[in-house]
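Enquirer: Residue numbers (our numbering), protein chains in the order written: chain A, 9 to 244; chain B, 195 to 574.
The hints are simulated quantities; they were obtained by calculation from the structure and are not laboratory data.
Everything numeric in this text was worked out from a predicted model, so none of it was measured.
Accuracy of the hints is not assured; some may be wrong.
[Stated by the list, open to error] No more than 25 angstroms apart at the CA atoms, straight line, and that leaves these computed lysine-lysine pairs for DSS-like:
{"#": "1", "chain 1": "B", "residue 1": "308", "chain 2": "B", "residue 2": "275"}
{"#": "2", "chain 1": "B", "residue 1": "280", "chain 2": "B", "residue 2": "411"}
{"#": "3", "chain 1": "B", "residue 1": "310", "chain 2": "B", "residue 2": "349"}
{"#": "4", "chain 1": "B", "residue 1": "197", "chain 2": "B", "residue 2": "411"}
{"#": "5", "chain 1": "B", "residue 1": "280", "chain 2": "B", "residue 2": "310"}
{"#": "6", "chain 1": "B", "residue 1": "310", "chain 2": "A", "residue 2": "86"}
{"#": "7", "chain 1": "B", "residue 1": "280", "chain 2": "A", "residue 2": "130"}
{"#": "8", "chain 1": "B", "residue 1": "308", "chain 2": "A", "residue 2": "130"}
{"#": "9", "chain 1": "B", "residue 1": "411", "chain 2": "B", "residue 2": "204"}
{"#": "10", "chain 1": "B", "residue 1": "275", "chain 2": "B", "residue 2": "475"}
{"#": "11", "chain 1": "B", "residue 1": "475", "chain 2": "A", "residue 2": "86"}
{"#": "12", "chain 1": "B", "residue 1": "308", "chain 2": "B", "residue 2": "280"}
[As the list claims (entries may be wrong)] A few chain A residues facing chain B, derived, Cβ under 10 angstroms:
{"#": "13", "residue": "67"}
{"#": "14", "residue": "93"}
{"#": "15", "residue": "97"}
{"#": "16", "residue": "99"}
{"#": "17", "residue": "107"}
{"#": "18", "residue": "108"}
{"#": "19", "residue": "164"}
{"#": "20", "residue": "168"}
{"#": "21", "residue": "171"}
{"#": "22", "residue": "192"}
[Unchecked claim] The following residues of chain A were derived to be distant from chain B, with all beta-carbon distances above 12 angstroms:
{"#": "23", "residue": "11"}
{"#": "24", "residue": "89"}
{"#": "25", "residue": "100"}
{"#": "26", "residue": "112"}
{"#": "27", "residue": "115"}
{"#": "28", "residue": "116"}
{"#": "29", "residue": "131"}
{"#": "30", "residue": "138"}
{"#": "31", "residue": "140"}
{"#": "32", "residue": "154"}
{"#": "33", "residue": "188"}
{"#": "34", "residue": "212"}
{"#": "35", "residue": "216"}
{"#": "36", "residue": "220"}
{"#": "37", "residue": "227"}
Even glycine gets a Cβ: it sits at the ideal position worked out from N, Cα and C.
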Amino acid sequence: MSLVEVMNVTKEYANGEESIRPLDGVSLTVEEGDFLSLMGASGSGKSTLLNLIAGIDLVTSGEIVVADTDITKLSRGKLADWRARHIGYIFQTHNLIPVLTAYENVELPLLLLPMSGAERRKRVEIAMEAVDLTSRASHYPRQMSGGQEQRVGIARAIVANPTLVVADEPTGSLDDETTEQILLLLERVNNELGMTLLMVTHDADAGQRAKRKIRLERGRLMENGQELQTAKLRTA
Amino acid sequence: MLKFVPYVLKSLWRHRARTLLTVSGTAVALLVFCFIGAVQQGLLALTSDEDSGRTLIVFQENRFCPQSSRMPQDYERTISKMPGVKDVIPIKVFTNNCRASLDAIVFQGMPAEKLKAWRDIDLQSGDMASFASQDDAALVGIDVATRRGLSVGDKFTIGDVSVVVRGVFQSATAAENNLIFTQLDFLQRARGANDVGTVTQLEVHLNETADPDALAKQIDDEFRTGPVGTTTRTKGMFQADTLADLAELIGFVHWLGYACVGLVLSLVATTTVMSVQDRIKEHAVLQTLGLRPLRVFNLVIIESFLLSTLGGILGVVGSSLLLSSTGMSIAAEGVTIAFEPSLALAVQGIVVAVVVGLLAGLAPGWHASQTEIVSALRHA
């Protein structure tokens, strides 16, 4: 069974009197250990799909099963618990908590899991080491560069050893050199730590670094020039 | 949730000017709240303690200000013989201001042995022997001494009455800490007046079986045909009647106490709303990381609770220090209301701050917890 199964997902929302449907019955599977890039034009719905898979947005119809849990059936509270255990989210604009140090930002997801203080410290140190920011642990976001902030964001996303790491335009606000560093880091997360990675990007070069490249065009998912087949709903 | 308290504290510290202003505003409001409470408690203590129901005050009929009540001192002997009477204290009262005043000085002249027998006072300095042996000696209540900076050996004059301080006392009855006790005959002769043989009031102590109302009527009936008619009431009723105007005012002022509570509610709620609006995106990030909506709600509640409680504690401590260090009181017609801090009032103030803090966080907390993550993440 695939790690992620997106089945006939439609997302529709109102924009004034107009109804917008960025996703129209899309289906997708992601296997464990995949590094998948999701590309498409601006407004094509790629971030919407990522947010649906990450459980921070709700489908209009269809099913999304991640690690054998149909997340479209979960209540808001249960969905939050599920995210804490299964999802690591890397934002485009880092979104670190400004009043917390790098260490505390990385520690944040672990506060939601049943874990001893010693175990928490150990995991944060490993994550900080993985992104090579041990020396910056006590620094606040305002004391760090954009690249360093994003590395802290990556450490925060991987620290709880999630089932799936999702990254929404992780290099969108970085210069070329820093983009390269972040992409290398994401590759390491996938190759060395074995984490499944789903990355949304509008940068074709960045997208090419993934093992699987998917394009979202006019509400349809394309891989290698072929539209991905519509899956059967589990509940159908 | 305790794991997130450092985050809440750091968030408050991030906007320290706003936090400081809210805490100080809350502290001032709670200070006023406790101050009003102290005045109300002072009034309540005067009219509701056990002594106020078992002691009668005989006053000249149709007289209000102590200076205008002049009863023959020998009424004392007549009343003493009545069944149910334990003792009678003849008291001469002099006050520098008969109207309501925050700094009225009230002298009560009475025989030294009666003072010792019937006033539960504890001398903080000086001694009773030198008071009893010196004609112009005075025992000064601790609140008057604090207010006027008086200590043993000081001589002072108020309205032609000059006394030497021979002791500073603390009374179990808070209002008495605003009195100055002298010898009866000294006050009768003070200010060049020849009031020997007359007193302002008679304090009648009853035994356990006596009926205060019946005895009051008996006293007034006894002197109806005498040289001076009397009005006799229980001490509580006498004080309530004397302070009726002030009591009405104090009754009205308690609305200001409620206004203070409303002020704290609106102040803390405004700050919390601003804080939530500033951090729409931050709360969305926390929810993305897996914080349940209820936990986000709790974070906001903890924040408003801390603001209000910290301000409340400062206000309560401030009012206690102010009230205990200044010895403030208000007096009218020789009866004083002490503004006394009390543990009950402090606890009440802190409970009000805690409850208001929790209430103030409800709406912003609910708003924060219901944030749609995706749209909030797009928030600038």
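Enquirer: Given a cut of 10 angstroms on the nearest C-beta pair, is the interface hint for residue 168 (chain A) held or broken against chain B?
Expert: holds, 8 angstroms
Enquirer: How about residue 67 (chain A): closest beta carbon in chain B under 10 angstroms, or not?
Expert: Since the shortest Cβ distance to chain B is 12 angstroms, the answer is violated.
Enquirer: Closest CB-CB distance from residue 188 (chain A) to chain B, is it above 12 angstroms?
Expert: holds, 26 angstroms
Enquirer: Per the CB criterion, is residue 93 (chain A) less than 10 angstroms away from chain B?
Expert: Holds, about 7 angstroms.
Enquirer: A closest beta-carbon separation below 10 angstroms is what the hint needs, so does residue 107 (chain A) meet it against chain B?
Expert: This hint holds: residue 107 (chain A) lies near chain B, its Cβ roughly 4 angstroms from the closest one there, short of 10 angstroms.
Enquirer: Taking C-beta pairs only, is residue 154 (chain A) more than 12 angstroms away from all of chain B?
Expert: holds, 17 angstroms
Enquirer: Could you check if residue 171 (chain A) really has its C-beta closer than 10 angstroms to a C-beta on chain B?
Expert: violated, 13 angstroms
Enquirer: Quick check for students: does the CB of residue 116 (chain A) sit more than 12 angstroms from each CB in chain B?
Expert: violated, 6 angstroms
Enquirer: Mind checking the alpha carbons of residue 310 (chain B) and residue 86 (chain A) for me, to see if they're no more than 25 angstroms apart?
Expert: violated, 74 angstroms
Enquirer: Go through the hint on residue 164 (chain A) and say holds or violated, using the shortest Cβ distance to chain B against 10 angstroms.
Expert: holds, 8 angstroms
Enquirer: If we take the beta carbon of residue 220 (chain A), is the closest beta carbon in chain B still more than 12 angstroms away?
Expert: holds, 24 angstroms
Enquirer: Holds or violated: is the Cβ of residue 216 (chain A) farther than 12 angstroms from all Cβ atoms of chain B?
Expert: The claim stands: residue 216 (chain A) keeps its Cβ more than 12 angstroms from every Cβ of chain B (closest is about 27 angstroms).
Going through the hint list in order, the structure does not satisfy hints 4, 6, 7, 8, 9, 10, 13, 21, 22, 24, 25, 26, 27, 28.
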